[in-house]
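Asker: Each residue of the sequence shown is one higher than the last, beginning at 1 in UniProt numbering.
Hints in this document: simulated from the structure, not taken from any laboratory.
Check before you lean on any hint, since a few could be wrong.
Stated by the list, open to error - Heads up, simulated DSSO-like pairs for lysine-lysine below, C-alpha to C-alpha not over 30 Å straight-line:
#, residue 1, residue 2
1, LYS309, LYS55
2, LYS433, LYS55
3, LYS423, LYS389
4, LYS423, LYS55
5, LYS423, LYS309
6, LYS433, LYS309
7, LYS55, LYS389
What the hints assert, rightly or not - What follows is a list of derived Cβ distance ranges for each label pair:
#, residue 1, residue 2, range
8, GLU340, GLU287, 51 to 61 Å
9, ARG221, ASP188, 30 to 40 Å
10, GLU376, ASP219, 43 to 53 Å
11, HIS130, ASN16, 16 to 26 Å
12, VAL266, GLU50, 30 to 40 Å
13, SER397, GLU437, 46 to 56 Å
14, VAL266, HIS130, 15 to 25 Å
15, GLY134, GLY222, 39 to 49 Å
16, VAL40, GLY390, 19 to 29 Å
17, GLU374, PHE413, 17 to 27 Å
18, GLY390, PRO428, 26 to 36 Å
Think of the CB as a built atom: it goes at the ideal place given N, C-alpha and C, for glycine as much as any other residue.
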Amino acid sequence: MSVRIANAAGFWGDDNEAPRRVLEHAEDLDYLTMDYLAEVTMTVLVRQQENDPEKGYATDFPSVVDDILTEAMDRGVTILANAGGVNPQACREAVASVADERGLEPTIATVSGDDFRDRIEEFDDERLRHADTGEALPTDPDVVSANAYFGGFPVAEALAADPDVVITGRVIDAALILGPLIHEHGWDRDEYDRLARGLIAGHIIECGAQATGGNFLGDWRGIDFEHIGFPIAEVEAEGSTVITKPSGTGGLVTPDTVGEQLLYEVADPGAYYGPDVVADFQHVRLEQVGEERVAVENVTGTAPTDTYKASLHYRDGFTVRSDVVYANPNAAAKANRAFEYIRNRADERGIEYDRFRTESFGVDALHDGTASGEPEEVVARIAIETPNKGDGYEFASLFANLGLGGPPSVTMFNPGRSSPTPKFAYHPVLVPKSAFEPIVEVTGA
């Protein structure tokens, strides 16, 4: 039996019309997933919840559900999303509210228990060292978010209640796909090869259209981006996978498009760590098996570790940024003189900063000085990181002086004076699985 799972969102802010487009064009669909949570998204959600305790979730999601729920329920397509963020219960209530307005009574399951910001003190300093650098957290950090990445088994547990909608907090992105495969195929925790294949199927489609021609480095000129199709994974009981997209949509599904996504955010293809399995796809085979159909074979797996990856974010001062534009001739030289001017004025005033950064878009912002020729114009970006909000405001006041008292041919880019923006540091850690118990709740059953 093949399970057909589509993904219609790769981040919060992705095309909100994509879920509707997928349902309109994809036949025999079993599950429709949406991935909303990047690392930076967690800080956005926490800040929203600080202002309103009923927020803390991807607020676009209820309106997306409102648009597709009737058809999804009629067709038996289960909707899954990690849109719950740091408040899955509030997200559930918002979804239930829009469903009620349509006269629908969906069964909604939530997966939570990943949030441990109120339990930070339970973990010793060694356990909270940075997973990559080994650095300890600062003394008395103001931690705003702390979330473990759950895997597919809590999602599968939620699906056992036959819900119409599953809303999770922080899970690995691929868990939204792996969970249905565990549920449908009855995979056990020690079936590592099958779990690894499900993990990789999820990894391929989790970023939405990036697997179907979006952000593609190959021949992108002929791709219909306006109507790009989002990816579908067809996964058999033993884990063999075909990646495709809905018929009649734009985009491209080839070994190259799938392969680029397969390597996205991967450090070691021989050891791709998930909460449920460690996948090895260093010998993966991607084969075109039909029009817009790519088979994924030769993925194996081994036992997972006894830890979850977790992400912490803590307050780390402020950033201030401004952009100004200089026209030719000598646009780059004018930008460099503006950088020098701002730094000199900041130092003369005694403005405290931890980092002073400059970039010249059109010269070296993306390619670190490898651009050749004299640009017609340069966008000069100047930014600092400062521990003090007051110094941030004082730094922001310097930019207006460039309008009449700096290098010539300038256009002020910002609509008004810049202001300090809170900065959050990202701190990944490894925490024991034994310290967490995923919580599955079902309403409307």
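Asker: Report the numbers of all earlier hints that the structure fails to satisfy, in ascending order.
Answerer: Per hint list: 9, 10 and 11 violated.
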